[in-house]
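Using the hints provided, position chain B relative to the given structure of chain A.
From first to last, the protein sequence lines are chains A and B.
Using my numbering, count along the first sequence one by one with no gaps and you end on 1209.
Using my numbering, count along the second sequence one by one with no gaps and you end on 1209.
Derived by calculation from the structure, the hints in this document are not laboratory data.
One should not assume that every hint holds.
Note: identical chains are not told apart, hence a pair may lie in one copy or across any two.
Within a straight-line C-alpha distance of at most 27 Å, the following computed DSS-like cross-link-like pairs (lysine-lysine) qualify [unchecked claim]:
no., residue 1, residue 2
1, 1034, 754
2, 564, 791
3, 791, 532
4, 776, 841
5, 491, 633
6, 1024, 869
7, 776, 791
8, 1046, 1068
9, 791, 841
10, 1046, 754
11, 530, 791
12, 1046, 1087
There are 2 protein chains.
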Amino acid sequence: MDAINSALAALSIQADKIVKHAASSSPDSWKQAISDVAQSVGLTGNQQYTKTLVFKPKTAKSAAPTPVVVIARDDTETNTNALAKHLNQKDMRLATPELLKEFLGATKDDVSPLSINTNNAGPLIVALDAALATSSDSFAVHAAAADQTLFMTGAEIAKYLQSTGAKVEVVDFSKLKAEASTPVAKASAPSSSTASNPGATQGPIPAAAKKKAADAAKIPDAELIGITVRKDGDFPEWYAQVLKKGDMLDYYDVSGCYILKPWSYFVWQSIQAFFDAKIKEMGVENCYFPMFVSADVLEREKDHIEGFAPEVAWVTKAGSSDLERPVAIRPTSETVMYPYYAKWIQSHRDLPLKLNQWNSVVRWEFKHPQPFLRTREFLWQEGHTAHISLEEADKEVMQILDHYRRVYEELLAVPVVPGVKSEKEKFAGGYYTTTVEGFVPTTGRGIQGGTSHCLGQNFSKMFNISVEDPNAPEELRGKKEGRLHVWQNSWGLSTRTIGVMVMVHGDDNGLVMPPRVAQIQVVIIPCGITAKTTAQEKDNIMDTCDATAKQLRAAGIRAKADLRDNYSPGFKFADWELRGVPIRIEIGPKDIEKQSVLTVRRDNKAKAPLAQKDLPASIAKLLDQIHDDMFARADAEYRSRRKVCTEWDDFTKILNDKCHVVIPWCEVEACEDAIKNRSARTASQDEAADERAPSMGAKSLCIPFDQAQFPDIKGKKCPQCGVDAKRWTMFGRSY
Amino acid sequence: MDAINSALAALSIQADKIVKHAASSSPDSWKQAISDVAQSVGLTGNQQYTKTLVFKPKTAKSAAPTPVVVIARDDTETNTNALAKHLNQKDMRLATPELLKEFLGATKDDVSPLSINTNNAGPLIVALDAALATSSDSFAVHAAAADQTLFMTGAEIAKYLQSTGAKVEVVDFSKLKAEASTPVAKASAPSSSTASNPGATQGPIPAAAKKKAADAAKIPDAELIGITVRKDGDFPEWYAQVLKKGDMLDYYDVSGCYILKPWSYFVWQSIQAFFDAKIKEMGVENCYFPMFVSADVLEREKDHIEGFAPEVAWVTKAGSSDLERPVAIRPTSETVMYPYYAKWIQSHRDLPLKLNQWNSVVRWEFKHPQPFLRTREFLWQEGHTAHISLEEADKEVMQILDHYRRVYEELLAVPVVPGVKSEKEKFAGGYYTTTVEGFVPTTGRGIQGGTSHCLGQNFSKMFNISVEDPNAPEELRGKKEGRLHVWQNSWGLSTRTIGVMVMVHGDDNGLVMPPRVAQIQVVIIPCGITAKTTAQEKDNIMDTCDATAKQLRAAGIRAKADLRDNYSPGFKFADWELRGVPIRIEIGPKDIEKQSVLTVRRDNKAKAPLAQKDLPASIAKLLDQIHDDMFARADAEYRSRRKVCTEWDDFTKILNDKCHVVIPWCEVEACEDAIKNRSARTASQDEAADERAPSMGAKSLCIPFDQAQFPDIKGKKCPQCGVDAKRWTMFGRSY
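Only chain A is shown next, with the shape it has when bound in the complex (with noise of 0.2 Å):
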């Protein structure tokens, strides 16, 4: 009772609120004793109950049991299965009366939220109704005896759990039981209770505090169809249902993979479309290594497989034998490929050799999964090079981020910083490291978005890549002295791409679909369509419509017209508006009398009449200007979200206002770890309760290769260190 007490107590509940009853050993019974009671303790109306059930999941047997407490409203149905996989646990038992006195020290009649406390929540996960917490009404619960009930609200039971130390999680059943029947049980789906943002405070969120934040977040109105949270609202869970909703990609039923669905996928295809004829014009030629790379050539270098290894994936069986030597799945092609480079490259005339590999690689990661920046395998392209020397290596580095840059910039819309890494952040076993850093405005985080490495020599002399230097003197040739080791590189960008553009410039609607990689770019609705439309009328707009799509197409604009009868003109601009389709025409009778069609614009709504006449000249014309508009925007937000730092005070406020710092840095390694822990400090001493303001510290971002922009650099002193600055350089909290 010493919980029971202290549990008033926390809730400022009088101990005489306890109600009295006979003990009860089932539901029905539990409902009757109360009832019998009611009128003589004051209770009016219909009671609601809750249930509490505890279970076992099956865990290691060396490791201690972690009990998994379901508290719902007694009417919930909960799918033991389908909660087991949000959990992410296996084959969860009911408890068996032992371990429920072991676990919580109750019985089934006398089991309640009040059975967990202090002593004993520590190794419990609470699933806690979504239905109950959420409710302001009163619910029974036992205090701790089987002849005793308490009555509580859900923020009541949400704050007690709380206080017990507990780790809680909101489940909403009735979604979790929805997903369970669709034929693939997507285990990997964010749930809108569940979804955090990844780096954020892992510690546990009162609920009430959640359902007050998901409250806020939610859009008014907001149909089934369309999209719930409002972007600045809940933006992880914006991002799951704007992927979804927009057809980007669906969940999978193995963790940490997605379904790649036409709608992104032709994003890609245009990536690769693009890039893949300007590395042709630089003489890179495409070929294909195997998926498999065996132990000893994965393990080669050590420095740069380290990262790796505990990400690797191992194929050690093929059907039902065991294979004699697991191979794995490439995480990257190094080690692959650079024993064959030193077969291959025999002399100087097989300088420069260029090849690319348009992949899938595999990183079994255990961190939260995130749809294309963080998935098990993703597609990519990674291109490895040699060159004779440091020059033509180097040239190569910047041509190549140029083009990363332009992909960004000029088909994605997506505004980034070139720049080059800090010796922290460069590749493992590399040179250098140069990169395109991106923006996310919405949370404040820099996120990598493709990297150009200079490997140097390192591999090469691993690998013993060499060639006779044509340059050596006379009478080195011929010995180990006269040959040189090759200069390498390796650069790749993935389908990461797409979730940065889907961030940038996604809304409130949904995606915002750049009009270059855009499947769809204009989408032509029939309206004006009404009761009095005589059918003639009907197939008159309806052809003009399908005419205009055509017409459009020749042009080698990607139009479609959308002449489903079953939905209305309204219903079809949610639908397209949620994917994004740069441009909306509308034409209905009106607009055929005048020639003309009504184009809506997807990225700032604006409409505005278009003459049919050389329509697909200034449709292109338009696609431009959303475009360059859209370009323009996010350059302007990222730009302003850019802020100089001279003094350290400012540094992490600056950071809080979801900004980078751009500060006149000393380069030192050891200060780079200072500023990293002194922000992530006083983040969290300010605001460790906000989950979308990561209290994570900040990471050297790049070092911007244009550092014309800034002050000089001269006398100035890193703000962190107080050392001479050398180059002005970007810091953020990042993906």
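Relative to chain A, chain B alone:
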């Protein structure tokens, strides 16, 4: 001594040829002992010696061991690790005295080829040194006793070993050594002495016969750079050399996997570009599903997965952690994709759904791998579509098949026969399978080029992919009976295309690339530069070559000037011939004078001058001509090797003439089995010894769609079973 006597009898060697001498206990003491008695027994000159080494490779505990006996010249360096890899054995250790006794009843002092006999030969693998097998010298072998020696030629040793029934492999240890010293051990590289025609008689081939065949296949005076065997002499070795020396691929250190080098990957990208455009016109969209499949999903369609199950690769570990649930790597994607089809297809308005993936799949086959034709990972496209009606599905099946035909005929200049597969040969779980069947003239074997399957409703019933039938009578609306299971197709084309192309067109000088898929279509080589040529003249020639290449490239022709100054024109000719560049242009001083160039066709070696004026147009025309000629030649060859047959007696004869057999067929499955058995049996009686005429039985390859080319089927009987024939059907041996 029984073994010795029977050995002597088998070889017609007199028993008195055995030399008795002091017992030896080491190679040196043996030589000393022989030397001591040489004069007295009439031995002249230096004697040559053999060594016999017995190894026990590592095997599963329950399995019987497979001892490996190495029989080599005593001065041959036998690298145990390289040999183990070559023989696909693990961890070979020298046998202990006990095991030596057990395996061969011998001791280290008397073990010899003659220790092997019909009683103990069964489990043995004998690795016979090529330097011994091909020598006509006599070599000392112990005559089953430390104090007795017999002198035998390599051929006699080989013949004797053969007579015991042991599995003999002739091994070129010097080659093995060379391969082992390259940076990555090429475990899967075929070697000339062991490459065998897959599907051919797998029994041992007498080493001497093999040597003879190998000699006949050799191309006299072939430079090291060139192909050293004739295409029609040793086809498997020719294929391996052409691919390697033609720069199509390199071997890889994971068995069954190969590196696609730019020269072959360009072919694949050309096929992709063609086919991707074609299917997009049909409304097919590209997407990407994860490479991983959960066991549940993989195993959902039992019939379908049965065929793949033993070849499925399983990922069971990430880093050093075991995965809770292993995941498979897709062998194909039917069961991966269709659960989502069930979710995405909710109404007949969602139909047709037409998706395609460009990806790689893994089938961990344990059969002998062959580049492009049978590899553990391969690149392909897989299309998966769903339709409202069978008619619509039918139509698409045929459209896709025609695209496949065009890939072969219009890009690769390879003729194919489009048709439908028999019930026995159709895709497991499908409704019917259409195919384009190719032909490899050198072996007379057919090869399935690409398949377009109608899956009917089998999968849609299994995965419950259904819609409300828009044509259902009113009273069935909303009821189960009013629902319709969709009609599905799947279709795939892989990098196998490239292997077929090489096999059909290549010649004794290397690859012959069809112009439309050649990464370099025209190579321009400066000629006529002698010691007398002035620097200015030389510059002029070089500049003209360079300018010509630029001129052609500007016209969209893939041209390259080979201006390397460290190679002779002759070397360059051979080099580019190996790689199969369709046109060589030679430019010398006289050509420049005449304002013309000399063109040399790779396919038929024809030389012709062409005026510099309008060169791009005339080269473009010539490239088309080459394509047409290559196709016409291959087509004429294929047609001449498709023989109509109405009498069973002719069936196997036609087959053994390396032809396909077209019979009026009953289409009864049991008859197909009978045809296979009867044609296999007859073949093996005729020519068990000839490895290039495989004794495998004939399968039905397809029922050609073009039946009109054959006589009226009416009244025809199946030549195998005498039942009424239904359609003309093509049978043959196949890959």
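Consistency of the hints with the structure:
In the homo-oligomer, the alpha carbons of residue 1034 and residue 754 lie at most 27 Å apart only across protomers (14 Å), although the nearest pairing inside one protomer, at 33 Å, exceeds that limit. In this assembly of identical chains, residue 564 and residue 791 lie within 27 Å of each other by CA distance both inside one copy and across copies; the values are 23 Å within and 17 Å between. In this homomeric assembly, residue 791 and residue 532 come within 27 Å of each other (Cα to Cα) both inside a single copy, at 25 Å, and across copies, at 19 Å. Only within a single protomer do residue 776 and residue 841 lie at most 27 Å apart by alpha-carbon distance; the minimum there is 23 Å, versus 35 Å between protomers.
Proximity of residue 491 to residue 633 under the C-alpha cut-off of 27 Å is restricted to the intra-copy arrangement: shortest distance 18 Å within a copy versus 103 Å between copies. Within a single copy, residue 1024 and residue 869 get their C-alpha atoms only as close as 45 Å, which misses the 27 Å cut-off; across copies the closest is 24 Å, which meets it. Within a single copy, residue 776 and residue 791 get their C-alpha atoms as close as 26 Å, and across copies as close as 20 Å, so both meet the 27 Å cut-off. In this assembly of identical chains, the alpha carbons of residue 1046 and residue 1068 lie at most 27 Å apart only when taken from the same copy (24 Å versus 69 Å across copies).
In this assembly of identical chains, residue 791 and residue 841 lie within 27 Å of each other by CA distance both inside one copy and across copies; the values are 26 Å within and 16 Å between. In this assembly of identical chains, residue 1046 and residue 754 lie within 27 Å of each other by CA distance solely across copies; the values are 24 Å between and 41 Å within a copy. With identical chains, the CA atoms of residue 530 and residue 791 are at most 27 Å apart between copies only, with a shortest distance of 25 Å across copies and 31 Å within one. In this assembly of identical chains, the alpha carbons of residue 1046 and residue 1087 lie at most 27 Å apart only when taken from the same copy (26 Å versus 58 Å across copies).
Hint compliance for this structure: every hint is met.
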